[in-house]
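Visitor: Sequence:
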Amino acid sequence: MTAFKKAILFMHRWLGFISGLVVFIVSITGCIFCFQDEIQDAMHSYRKVEVQSKPFLKPSVLHRQALKYLPAGKVSGTIYNGIDRPALVGLVDKVGYHNIYINPYTGKVLHDDLLQRNFFIIVQYIHLYLLLPDNVGRIVVGTSVLIFVVLMITGIILWWPKRKTDRKRSFTIKWGSRWRRVNYDLHNVLGFYSTAIALVLAVTGLSMSFEWVREGIYKGGNLGKTIAIERKEFKSDSTLKAVKQNIPAIDVAYATITQKSPQANMLIFYGGATPGQALYGVAYEEPLRYSYRDTYQFDQYTGKTLLYLPNTQKSLGLKLEDMNYDIHVGQIAGLPGKILAFIVSLICASLPLTGLIIYLGKRKKGKGKKVKEISHKKSHRHLDTALGKAQSKLS
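Per the UniProt record's numbering, residue 1 is the first one in the sequence shown, and the count goes up by one each step.
These are computed hints drawn from the structure, not numbers from a lab. Careful: at least some of the hints might be erroneous.
[As the list claims (entries may be wrong)] For lysine-lysine, the following DSSO-like pairs were computed, each having C-alpha atoms within a straight-line distance of at most 30 angstroms:
1) K54 - K225
2) K314 - K58
3) K74 - K244
4) K5 - K68
5) K260 - K174
6) K108 - K54
7) K174 - K48
8) K244 - K232
9) K235 - K162
10) K232 - K58
11) K260 - K304
12) K304 - K244
13) K235 - K319
14) K108 - K58
15) K241 - K225
16) K232 - K314
17) K174 - K58
18) K319 - K68
19) K225 - K235
20) K232 - K338
21) K232 - K74
22) K174 - K5
23) K48 - K6
24) K244 - K260
25) K241 - K74
26) K6 - K162
27) K162 - K5
28) K338 - K219
29) K232 - K260
30) K319 - K219
31) K58 - K94
32) K260 - K58
33) K94 - K68
34) K48 - K338
35) K338 - K319
Sequences and hints are given; from them, build the entire structure.
Guide: Here it is in structure tokens:
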């Protein structure tokens, strides 16, 4: 092995020790979370409603129904999830964050989902923050994933066969060999085949941890340019706070979105919680899919449109940024994409384990070799002593 490859092996090994446990946890939780919508749909009947031939209730009506159910709560957001799913009103109280599921046709409260008790939300927080404080967990997870990117690159350098004749053999797992050899192949061969997708999952995950990665994706898509209107945060006119309106501002915003984005099947409203902050609205083409969205900002006091940015007018960088979550979980390519993301995440979780087994096996082998060398030297020493004594007697 060349000095260069020895240095790469040293780096690969010790970076693996540093990040291995976090990579394993993040990858396993990613596998679990990948199909969370499908699993929860199968488990909970309140996630579906019967389609009715009448319009949805307006956001202000949904808010009243949610606050009637939980009077101490404060509204944090509103989601319309399509014609066959309940609407959600986010509430915050002393207990925590609640998602109140409401039938959008009748206003009936269907379920109170306390987020800190939701299994998949807990899995998501482990995946993102390891259940540490957000600012700490984000750095720990992000740094470990960044190290994992380096591990994948160094792994390819170490594994890549020198001779063309060895390549065919290196691309397959020898299932009939001894278990240590199978483990070695699992680490190298599966690591190779999963590298391209794993890098995509890693980079899209890093954009959730580090602003510079997210900005890098945006600027990379725009060839280094920043479109000012796409980054502008509008302010509500606080002087209009005391102005009485017949229609609540959020209902005005809802009417605007349904008119300008008639193709949308999922609407989300959030923000407008602090003085002067804009009320944000997002219109998605498909329920539970977070790409291809029209973006709005409204005055929180009047519902006046401050920004309307349809998906068709967005830059490539912003479109890539919007697609980030769907790419990360694979649903950008539908069910096959989610299955692929699940398999690759499972392989990523296995790599620290198979790598550790390889290291321990080599260490054990190295110790055994040293013992043999010591015993070999001792036997030679005894033989030399015996020969010396025999020669002295003869003389």
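Visitor: Evaluate each hint against the coordinates.
Guide: Now for the hints, and whether the structure bears them out:
no. : hint        : verdict
1   : K54 - K225  : violated (45 angstroms)
2   : K314 - K58  : holds (28 angstroms)
3   : K74 - K244  : holds (21 angstroms)
4   : K5 - K68    : violated (67 angstroms)
5   : K260 - K174 : violated (58 angstroms)
6   : K108 - K54  : holds (15 angstroms)
7   : K174 - K48  : violated (48 angstroms)
8   : K244 - K232 : holds (28 angstroms)
9   : K235 - K162 : violated (61 angstroms)
10  : K232 - K58  : holds (28 angstroms)
11  : K260 - K304 : holds (14 angstroms)
12  : K304 - K244 : holds (14 angstroms)
13  : K235 - K319 : holds (24 angstroms)
14  : K108 - K58  : holds (13 angstroms)
15  : K241 - K225 : violated (37 angstroms)
16  : K232 - K314 : holds (13 angstroms)
17  : K174 - K58  : violated (62 angstroms)
18  : K319 - K68  : violated (39 angstroms)
19  : K225 - K235 : holds (24 angstroms)
20  : K232 - K338 : violated (33 angstroms)
21  : K232 - K74  : holds (27 angstroms)
22  : K174 - K5   : holds (25 angstroms)
23  : K48 - K6    : violated (57 angstroms)
24  : K244 - K260 : holds (25 angstroms)
25  : K241 - K74  : holds (18 angstroms)
26  : K6 - K162   : holds (15 angstroms)
27  : K162 - K5   : holds (12 angstroms)
28  : K338 - K219 : holds (27 angstroms)
29  : K232 - K260 : holds (21 angstroms)
30  : K319 - K219 : holds (11 angstroms)
31  : K58 - K94   : holds (27 angstroms)
32  : K260 - K58  : holds (16 angstroms)
33  : K94 - K68   : holds (16 angstroms)
34  : K48 - K338  : holds (22 angstroms)
35  : K338 - K319 : holds (20 angstroms)
Hint check: violations occur at hints 1, 4, 5, 7, 9, 15, 17, 18, 20, 23; the rest are consistent with the structure.
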